[in-house]
Amino acid sequence: MDDNDQELETLPPALVSRLKAHDRAQPIVDPRTDRAVLDAARAYFAERPVAAAPYRRRFAMPLGAAAAVLLAAVIVVQSFGPEPVARDDIDGSGRVDILDAFALARAARDDASGVAAARIEELGYRVVALDAQRTRGLP
Amino acid sequence: MIAGFRKLAKALAALCALAALSLAAQPEAGQFAIVDVFVASTEPVAAWQIELRERRGAMQVVGIERGDDPTFRDPPFFDRVVLERGVTERLVLASFSLSDAAQLPRGRVRVARVHVRTTGAATADYELRLVAVGAADGRPIDAELSFETQAGR
Numbered sequence: 001m002d003d004n005d006q007e008l009e010t011l012p013p014a015l016v017s018r019l020k021a022h023d024r025a026q027p028i029v030d031p032r033t034d035r036a037v038l039d040a041a042r043a044y045f046a047e048r049p050v051a052a053a054p055y056r057r058r059f060a061m062p063l064g065a066a067a068a069v070l071l072a073a074v075i076v077v078q079s080f081g082p083e084p085v086a087r088d089d090i091d092g093s094g095r096v097d098i099l100d101a102f103a104l105a106r107a108a109r110d111d112a113s114g115v116a117a118a119r120i121e122e123l124g125y126r127v128v129a130l131d132a133q134r135t136r137g138l139p
Numbered sequence: 001m002i003a004g005f006r007k008l009a010k011a012l013a014a015l016c017a018l019a020a021l022s023l024a025a026q027p028e029a030g031q032f033a034i035v036d037v038f039v040a041s042t043e044p045v046a047a048w049q050i051e052l053r054e055r056r057g058a059m060q061v062v063g064i065e066r067g068d069d070p071t072f073r074d075p076p077f078f079d080r081v082v083l084e085r086g087v088t089e090r091l092v093l094a095s096f097s098l099s100d101a102a103q104l105p106r107g108r109v110r111v112a113r114v115h116v117r118t119t120g121a122a123t124a125d126y127e128l129r130l131v132a133v134g135a136a137d138g139r140p141i142d143a144e145l146s147f148e149t150q151a152g153r
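Chains A and B are the protein sequences, given in the same order.
Numbering of the first sequence is given in the working numbering, commencing with residue 1 and proceeding in unit increments.
Numbering of the second sequence is given in the working numbering, commencing with residue 1 and proceeding in unit increments.
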């Protein structure tokens with residue numbers, strides 16, 4: 001006789017019988033039931049259009065990688081882009097000075113390129129700027 | 001009577017000494033000067049750029065004028081921040097003219113006048129550097145650079 005049986009003896013018989021009946025009422029899942037449920041589930045999901053999901057997955061990774069590379073390239077180009085010196089070196093001398101602003105002014109005078117006067121003035125003030133990274137010299 | 005004159009003379013001497021000490025104690029009051037910049041070239045000058053330095057870094061630019069030649073009508077380009085600074089060690093000036101080569105200056109011509117205020121007791125030590133000089137067709141040409149200083153007001 002174990003401890004559980006000893007405890008049951010101290011309880012009222014009616015309660016003991018109900019507790020024992022409750023223990024017996026626990027469902028017992030047969031392995032054949034498990035197999036039947038599993039087969040039914042497989043049959044049900046086999047009818048779904050499962051081809052779409054792998055298709056998306058197959059191209060999602062390469063597309064994401066390509067987009068990341070493209071975004072990185074855009075950021076790099078915008079950050080390091082064409083050198084300001086090269087952009088303002090109008091006469092191709094390899095440096096930016098008043099002769100570049102003069103070249104722009106001559107082009108505007110000849111109406112060959114439609115250069116705006118503001119662009120000429122901006123370059124003129126930039127070549128005399130004490131701080132190369134600043135164009136505060138503009139009036 | 002003589003004693004009164006002696007007291008008066010002593011008082012005047014003390015006042016003079018105080019005035020001299022006061023002047024000596026204000027070296028930072030500074031002196032104004034004019035620096036005239038000249039460019040000399042055998043070819044007509046259509047564009048120029050120079051850099052003016054004061055080696056001690058005790059130069060305050062208070063004004064800039066254009067030169068003598070009427071074809072350079074406007075004052076030269078310069079960084080206006082230099083006028084806001086109390087003291088600067090360098091100044092860059094540049095200008096160009098779209099006039100015909102026949103009208104452009106040749107020989108020695110004053111291209112700019114810089115009004116400066118120098119601080120400190122030592123004499124200002126200016127240095128000029130020629131950055132670029134161009135002909136009417138935009139071609140770089142050789143030129144000589146010089147400057148003259150005179151006391152300002």
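Just so you know, not all the hints are guaranteed correct.
Facing chain A, from chain B, some residues (calculated, C-beta under 7 Å) [stated by the list, open to error]:
{"#": "1", "residue": "E51"}
{"#": "2", "residue": "P75"}
{"#": "3", "residue": "A135"}
Quick partial rundown of chain B residues pointing at chain A, CB under 8 Å, derived from the structure [unchecked claim]:
{"#": "4", "residue": "V81"}
{"#": "5", "residue": "V131"}
{"#": "6", "residue": "F147"}
Calculated from the model, a selection of chain B residues having no Cβ within reach of chain A, i.e. all distances over 10 Å [unchecked claim]:
{"#": "7", "residue": "E43"}
{"#": "8", "residue": "Q49"}
{"#": "9", "residue": "R55"}
{"#": "10", "residue": "A58"}
{"#": "11", "residue": "R90"}
{"#": "12", "residue": "S95"}
{"#": "13", "residue": "T123"}
{"#": "14", "residue": "A132"}
{"#": "15", "residue": "E148"}
Source of the hints: derived by calculation from the structure; they are not laboratory data.
Note that the structure is predicted; figures quoted are calculated from it, not measured.
Beta carbons are placed, not taken as given, at the ideal position from N, Cα and C, and that holds for glycine.
Hint check results:
1. E51: violated (9 Å)
2. P75: violated (11 Å)
3. A135: This hint is violated: B/A135 lies away from chain A, its Cβ roughly 10 Å from the closest one there, beyond 7 Å.
4. V81: B/V81 check passes; min Cβ-Cβ to chain A is 6 Å, inside 8 Å.
5. V131: OK, holds: B/V131 within 8 Å of chain A, min 6 Å.
6. F147: violated (17 Å)
7. E43: B/E43 is indeed farther than 10 Å from all Cβ atoms of chain A, at 14 Å.
8. Q49: violated (4 Å)
9. R55: It holds; B/R55 is separated from chain A by about 16 Å at its closest Cβ, greater than 10 Å.
10. A58: holds (16 Å)
11. R90: violated (7 Å)
12. S95: violated (7 Å)
13. T123: holds (24 Å)
14. A132: violated (4 Å)
15. E148: Holds: least Cβ distance 22 Å, greater than 10 Å.
Hint check: violations occur at hints 1, 2, 3, 6, 8, 11, 12 and 14; the rest are consistent with the structure.
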